[in-house]
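With chain A fixed as given, assemble chain B onto it according to the hints.
These protein sequences, in sequence, are chains A and B. Residue numbers for the first sequence follow the UniProt record's numbering, beginning at 1 and rising by one. Residue numbers for the second sequence follow the UniProt record's numbering, beginning at 1 and rising by one.
Treat the hints as calculated values from the structure; they're not laboratory data. Predicted model, so just to flag it, every value in this text is computed and none were measured. Among the hints, erroneous ones may be present.
Capping the alpha-carbon separation at 25 Å, the derived lysine-lysine pairs in PhoX-like fashion look like this [as the list claims (entries may be wrong)]: (1) Lys392(B) - Lys284(B); (2) Lys290(A) - Lys495(B); (3) Lys144(A) - Lys401(A); (4) Lys536(B) - Lys530(A); (5) Lys308(A) - Lys495(B).
Chain A stretches covered by chain B per the calculated footprint, using a threshold of three residues with CB under 8 Å from any CB of chain B [stated by the list, open to error]: (6) 416 to 429; (7) 486 to 497; (8) 500 to 509; (9) 527 to 534.
Note that beta-carbon positions come from the ideal geometry of N, C-alpha and C, so glycine has one too.
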Amino acid sequence: MELSEHIKTANVEDVTLRRPFHPALRGTLCVTSHHLLFSNRKDEASWQLLILLKNIDAIEKSVENLFGYPRAVGSSGTITIKCKDLLVLQLEIPGMEECLNIASSIEALSSLESVTEMYPFFYRPSHLTLLGPWGLSTTEQYYKQTERLWDRWRVSKVNSDYSVCPSYPSAVIVPREVDDDKLIRSARFRQGGRFPVLSYCHHSNGMVIMRSSQPLTGANKKRCKEDELLLQAVIDGSELGYIIDLRSAQQAQQARMTGGGFESKSCYRHWKRIHRHHERGKVVQESLIKLVEACSDLSHSVDRWLSKLENSKWLSHVHSALSTAGLVVECVERDGHSVLVHGSEGTDNTLLVSSLAQIILDPASRTVTGFLCLLEREWIQAGHPFQQRCAHSAYSHARLKQECPSFLLLLDCVWQVWRQFPLALEFSEALLLRLAQEVYASNYGTFLCNNEQERCAAGVKENTHCLFQSMLKPDIEEQYLNPLYEPTDLAIWPSVHPQSLQLWTGMFLRWTEYAQNMEEAREEVWSIVKEHRERV
Amino acid sequence: MEHIRTPKVEQVKLLDRFSNKSVTGTLHLTATHLIFVESNSTSAQEIWILHHHIASVEKLSLTTSGCPLLIQCRNFRLVHFVIPRERDCHDIYSSLLRLLRPVSYDELYAFSYNPKQNDQQREEGWQLIDLAAEFERMGVPCDQWQLTDVNREYKVCETYPRDLYVPITASKPIIVGSSKFRSKGRFPVLTYFYQEKKAAVCRCSQPLSGFSARCLEDEHMLQAISKANHNSRCIYVMDTRPKLNALANRAAGKGYENEDNYPNIRFQFVGIENIHVMRGSLQKLLEVMGTRSLSMTDYLVGLENSGWLRHIKAIMDAAIFLAKAVTVEGASVLVHCSDGWDRTAQVCALGSLLMDPYYRTIKGFMVLIEKDWISFGHKFADRCDQLDPDPKEVSPIFTQFLECVWQLTEQFPQAFEFSEWFLIQIHEHVHSCQFGNFLGNSQRQREDLQLKERTYSLWAHLLSEKQNYLNPVYSLSFAESHPVLEPSTQAYHFKFWRNMYHQYDRSMHPRQSILKHVLTLKESNRELEGTVQALKTKLQAFGVSTSPLKPQTPPRERSLPSRPQSLILGAPLLSRKEVQQEEDEEVLGEEAREDAPASTDGERTVEGSSATENGYGELTGSFGSKNEPAVVTLEFGVARMTC
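Looking at chain A on its own, in the form it has when it is part of the complex (with noise of 0.2 Å):
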């Protein structure tokens, strides 16, 4: 079926549009195949509104006049429109078949399975070119910058044809002494076949963050010899490691009933297993259902409000997630080991709180091009199921699936490191908010499919412009970039005391009368930034 075989009304004429804080403004909607177009054209001044449809979570129309009089002149209907990236749009349209035709238009289209019909798949704007190779960084390349990692480290390409570990890149990163065969028999023992593969090399002291899901040992206490030596490589003579496991201990050990578990002491002798519960899944994406519903209602008390913001439980994984990523960069930084983290898939808490710590760790990683490469590397090719999490987002009516804004999280969660060191990052929140909206609904290819093995069945390097490129063109980078960078080489510890941790209110209420007052304040920020350079 093609896409405009949806679109029964394309154009209405007088439609009047509301937007929270903004007055009322009427004018003509369109709907295309991937857009909802409003324009405004009254003024001289035409004023236009796109929304990707894929960007709207909800949808919610109420018609006058349903029953009786169906033609009736003066009928009208409103829709409502909840986004992705939060905002909430109300549409009224005159004619109630109108309204209704547009809202299944909007329906059928904003929810498109099929990842070569998704927009990406068709935008082309003129000042990028599909030539060239698409995305920041590969792993070999990656490999090659990391002076550190040559000597003990190897890149296998046992994964090349993604039969080893469907969710793994091609390439990955493992001790240089073990050779593919053993990890083909580890992956075997993880879920998933994600075996642990490096993630992150210290640049003071070589030891490393690794990642993996959990071990297959179930009821009977499986072993896996090929695992256990492939992590005693990885600490290679120093007497100790940790594994972060990120469930309880009692989760852990309900695990195994379901073919699950965990590195036991006895087989894993030389690691310190740590458990530290983190959420995740249907509970998170939950939380975000509640704390977007609190946000938005504006008639709550003082108590009320505080009450729906503890309930939604936000802030509590926003709090577990910078503690066990603090915990993880004590165990390397200070403690001087090696880590494991996994939870059980080790695809989204497991990248979570491996790629927290290297913001705390790792100068590099926080700088624009160092963050968008920390992003690539581990979200994007270290297999983040984006299309699985980021399907729907707060609004959505839809009976939640496998939905959970882990990548919101993270965003989050950077987000506090930053407001905790304002000068230690070189991108701004500007950058956070960019990227919390297009992994939601984007022009770009860079959140589209599950893993790298997905993207390359659906040819998303070929058809599709990568985001991370986009945003680092010089005249486009320059407006995610912190006026107050002043680069450290040392670790930026956050503090975890709940008292330190806010609500992101630039993400949560972006769209409130909030939002203008500080961004007048940053600009005046920006321009004695600014003044100070010239003259300097």
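Only chain B this time, still in chain A's reference frame:
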């Protein structure tokens, strides 16, 4: 001095409130301060605690390492010492008990504090704030409002200032009659005049109406206020108490205005709770915030249960109501509570701050406090527990006002000339009794104490270090375009003020401060501008044309000037000289090092905290005693690393 039995105790341990860390040092007890000097020679942290700041001293039961002494301060500092010998501990404890309860005003620090100024400087300091000039600035006296001398000798109302402004039609008999019908004689007087609409903000105490009593003079008084406003005959009477409290007062012969007896009034209850509720609320808040390894859930639940932010919002709501009535409707407003010195002061001051950009400047804010709080008799001595303590009179009313202002600075980052450190510093000195401004309960009492002759003014002191309290993004054009602030009262705007209530808990603060950094940049911009000007003048003197000015030297790298040193990043710089008033010198040593150029040696500091105090985990605990690697030494929350 006769109270000090043991002036010095060695080998005292200072425990960190939120982690397991401790440092060892020497405790000194002086006539004015309790001083802890760390023995570690390299960083030598010093803590100075003014006796007046101490709210309570507690001796906990003996432990194996010594005798713990817990000291709670009014500026929300909490220190936990462990003293090796119980006898020393007891001596310090009993000396402190005596020292922190001065029995007469003469014992207060303000009377011994001497900043090495001569009498003339002292006098000039006191003349900085002139309330007559302030009323003139508002446009009073004018054709409708006049200065009355009825209270010149404090005969009509003891707790009011001498100079009072009333409507021209309010004759002496009316004033006197009205004052007899008002609690403590606090009859309606002008506190702010909104010139644009000729609308007045007046304040008073509750009427002694009981169930049915009337007073014609008081009714006339309100009539006079009504007549003084040509814009709107109707006056709002805001009773800032909850209705239930006002009703209960009627049984005691007090109460509120009956709309039937007062023509042209619109009566309104606002529902701000009384001093006892506020005191309890703050206590609950501090209890929760002082919990070690507090979970996010307990934090938010505790914040909610304390009710603190709800009270803050109630005050803000009242102030917004006031500002709207005056600026939008052009109506005059009369504000009162019971005695008209707590809630009334909060609402009038905050309301005026919303209406008048002048009060959002450093000088203007001082004037506002001087007017609505000091001169109109907010009982600072009782509320802040300065002397002769009655625990039932203590209440954080003024703290709440400062917090409301802070909440506004968060919503309007460009509207205030000062930063939160100004507010915090004022709070510090309201309790320090180091300056004369806040001593006593009323102007009359202050005159009796001869404060202006015997003590110094805080305002002069604060103005002398004004640059530390500036808000770098303050914008005059914002003030012009927003003469009246219209804050949102959405619940999510009310936040916990960490820098106030955890001022001394360094581990909780952001490690780097935008405020401090931008202030430094701005300061250096000004200096550079000065240099350019000076060079231009020089060039002109040599007869060289100055335009087109091109920089001859290539831009230097990392030429940022050194940042001010302070306890907390962004907190005001305290000068080393005034050691006497230094209560917070904790980290000067370290931060000074931070200011050194990065290349001096291999050692650098980052404004980062250590892992242990952040409480990430039980790492060291669970794996036995593992020594920290030599490259990292952890001191007071600053990790110093070799790179």
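Structure-based check of each hint:
1. Lys392(B) - Lys284(B): Distance ~16 Å between Lys392(B) and Lys284(B) Cα, so the pair holds.
2. Lys290(A) - Lys495(B): Cα-Cα ~19 Å, so holds.
3. Lys144(A) - Lys401(A): Distance of about 40 Å is beyond 25 Å: violated.
4. Lys536(B) - Lys530(A): 22 Å, holds
5. Lys308(A) - Lys495(B): 15 Å, holds
6. 416 to 429: holds (count 6)
7. 486 to 497: The restraint on the stretch 486 to 497 of chain A holds, since 11 of its residues have a Cβ under 8 Å from chain B and three suffice.
8. 500 to 509: Check passed, 6 qualifying residues.
9. 527 to 534: holds (count 4)
Hint compliance for this structure: hint 3 is the single one not met.
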